[in-house]
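Enquirer: Fit chain B to the supplied structure of chain A, relying on the hints for placement.
Line order of the protein sequences matches chains A and B.
Per numbering that gives the first Met the number 0, residue 0 is the first one in the first sequence, and the count goes up by one each step.
Per numbering that gives the first Met the number 0, residue 0 is the first one in the second sequence, and the count goes up by one each step.
Just so you know, these hints were derived from the structure itself, not from any lab.
Treat the hints loosely; a few may be bogus.
[Stated by the list, open to error] Facing chain B, from chain A, some residues (calculated, C-beta under 7 Å):
(1) G95
(2) A99
(3) G140
(4) P209
(5) R210
(6) T211
(7) A214
The beta-carbon is built from N, C-alpha and C at its ideal position, and this holds for glycine as well.
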Amino acid sequence: MRPRLSFLLLALALFALGGVLSLPRPPKEEAVRPKRVGILPELGVVVAARDIEYCGYHTPCGPGSRTDTVFYLRLRGQEVRAVALPRDLYSPVVGGKINAAYGRGGAELLKRAVEEATGLLAERHLVLTLQSVARVIDAVGGVEVYLDRPMRYTDRAAKLFIDFPAGRLHLNGEDAVKYMRFRHDALGDYARLDRIKGVLTQVLKKAQDPRTWPALTGALREGWRELDTDLSLEEVLAQLPAVRGLKLSLATLPTREGPGTFLYVDEGARQGFLAAFFGANPPALPPQVSVRLRGEPSLLRWGQALLVREGIEVVLEEAQVVRSAVYTQDPVAGAYLADLFHLPLLSPHLPVAGAVVELGQDLLQ
Amino acid sequence: MVKTKEAVELVGRIKDLLWEKKAEKVVALDLRAVSESLDYFVVASATSTPHLQALERHLQEKLEEEGLRPRPTEGQSPRWVVLDYGEVVVHLMTPEAREYYDLEGFWADAERL
Numbered sequence: 000m001r002p003r004l005s006f007l008l009l010a011l012a013l014f015a016l017g018g019v020l021s022l023p024r025p026p027k028e029e030a031v032r033p034k035r036v037g038i039l040p041e042l043g044v045v046v047a048a049r050d051i052e053y054c055g056y057h058t059p060c061g062p063g064s065r066t067d068t069v070f071y072l073r074l075r076g077q078e079v080r081a082v083a084l085p086r087d088l089y090s091p092v093v094g095g096k097i098n099a100a101y102g103r104g105g106a107e108l109l110k111r112a113v114e115e116a117t118g119l120l121a122e123r124h125l126v127l128t129l130q131s132v133a134r135v136i137d138a139v140g141g142v143e144v145y146l147d148r149p150m151r152y153t154d155r156a157a158k159l160f161i162d163f164p165a166g167r168l169h170l171n172g173e174d175a176v177k178y179m180r181f182r183h184d185a186l187g188d189y190a191r192l193d194r195i196k197g198v199l200t201q202v203l204k205k206a207q208d209p210r211t212w213p214a215l216t217g218a219l220r221e222g223w224r225e226l227d228t229d230l231s232l233e234e235v236l237a238q239l240p241a242v243r244g245l246k247l248s249l250a251t252l253p254t255r256e257g258p259g260t261f262l263y264v265d266e267g268a269r270q271g272f273l274a275a276f277f278g279a280n281p282p283a284l285p286p287q288v289s290v291r292l293r294g295e296p297s298l299l300r301w302g303q304a305l306l307v308r309e310g311i312e313v314v315l316e317e318a319q320v321v322r323s324a325v326y327t328q329d330p331v332a333g334a335y336l337a338d339l340f341h342l343p344l345l346s347p348h349l350p351v352a353g354a355v356v357e358l359g360q361d362l363l364q
Numbered sequence: 000m001v002k003t004k005e006a007v008e009l010v011g012r013i014k015d016l017l018w019e020k021k022a023e024k025v026v027a028l029d030l031r032a033v034s035e036s037l038d039y040f041v042v043a044s045a046t047s048t049p050h051l052q053a054l055e056r057h058l059q060e061k062l063e064e065e066g067l068r069p070r071p072t073e074g075q076s077p078r079w080v081v082l083d084y085g086e087v088v089v090h091l092m093t094p095e096a097r098e099y100y101d102l103e104g105f106w107a108d109a110e111r112l
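One chain only, chain A, in its complex shape:
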């Protein structure tokens, strides 16, 4: 089976920095000036990425109509909380999988499908292409990943060759795209979404570094024309200072398996999950949760001291960590720990006992 293109939430970088840094300035056109509107009001944005259309064997002919990765982002001041929707999610309004919504009814149907699945208001959309994603990743100097086992997949018809060894890897844009497309392991699409969350976190962190801004300027200038979006430049421009302190939380919508290859929204879990995830604020008191701290010895000692001072039970584990983050399915504990360590919160699909805080060298950069 051909792996379908998916993508990605680099929207954050694009959304927050895109207009600011990349928009070409047509010489005769009226200059777009940043509007100092203060903190952006709460806003729901659907971010999706188009796959590639193949006209024949080995013949890609441009962006396709399917969007295998769909995220719902809620922006509120300097906070971004985003939920991934699996590609196989059944959407009644589409009459099929949610990844077909864009092809059948454009961005409007995609937004309606996301609203239906989440019960949340989707005001805007941003549909990316694979190339624009790769360019942005290259502009920030690529990303680091850690593979427990080799990642291999070949699809000659699609001209897709994935062959990454196990261990720590530095991936350029093209390879990072392959890494995020891969879904041929035991957890399939869920693991793919978790990988995307990891890459997004890194890209956003790197995009906060002024050294990447000129390169991002060029990359986004190239890529902006490919995007389908109704975001206005003025509101994007106003957010540049906020990008420096942006707080990011990422999770996946709870789903259950159903007939055929469809997934269905887990109605029982959805309401509680969304209320907790989008409503979670760091509690005043430390959460009663066990924390596993992973990383290098010096960072473990620092993190342990911090947690002990908070009265939180902690278990240490030496490990190679390529990106620092908090992992938990508990949104309240996650919010507390993410706030304590100034780290993004990533809620993976795989169950996590308590919470895991990973501390890597990126903290020191």
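Expert: Same frame as chain A, but now just chain B:
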């Protein structure tokens, strides 16, 4: 807020070097009170892309003689060059890029040095 002596001296040195090469509208911003993670920006305009490159070269060469090298940067733009000297980040821009991106406007509350 206490200024780091070395950083402030470096800001002054960078401004002098830029003026030597006829950089325009050289402005230094103290961002520490308005940003959690930025310290100082020096922003300057070049009159053209060759002038931009000349400013970059001059600054790099002179500071390297003093043992200072910028941290590696991913790619550059013909309109905007960033040189990162740790606490002090230098933005060299064409007038059009400077007006368009308006870094000083974004950090309008920052103290000017």
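Enquirer: State for each hint whether it applies.
Expert: Against the structure, the hints:
With a cut of 7 Å, the hint placing G95 (chain A) at the interface with chain B is violated, because the nearest CB-to-CB distance is about 41 Å. Checking A99 (chain A) against chain B by beta carbon gives a least distance of about 37 Å; that is not within 7 Å, so the hint is violated. With its C-beta approaching chain B no nearer than about 4 Å, G140 (chain A) sits inside the 7 Å limit, and its interface hint holds. The restraint placing P209 (chain A) at the interface with chain B holds, with a minimum CB-CB distance near 5 Å, inside the 7 Å limit.
At about 4 Å, the closest approach between the beta carbon of R210 (chain A) and any beta carbon in chain B falls short of 7 Å, and the interface hint on this residue holds. With a least beta-carbon distance of about 5 Å to chain B, the hint placing T211 (chain A) at the interface is held under the 7 Å criterion. Residue-level restraint check for A214 (chain A) holds (minimum Cβ-Cβ distance to chain B is 3 Å; threshold 7 Å).
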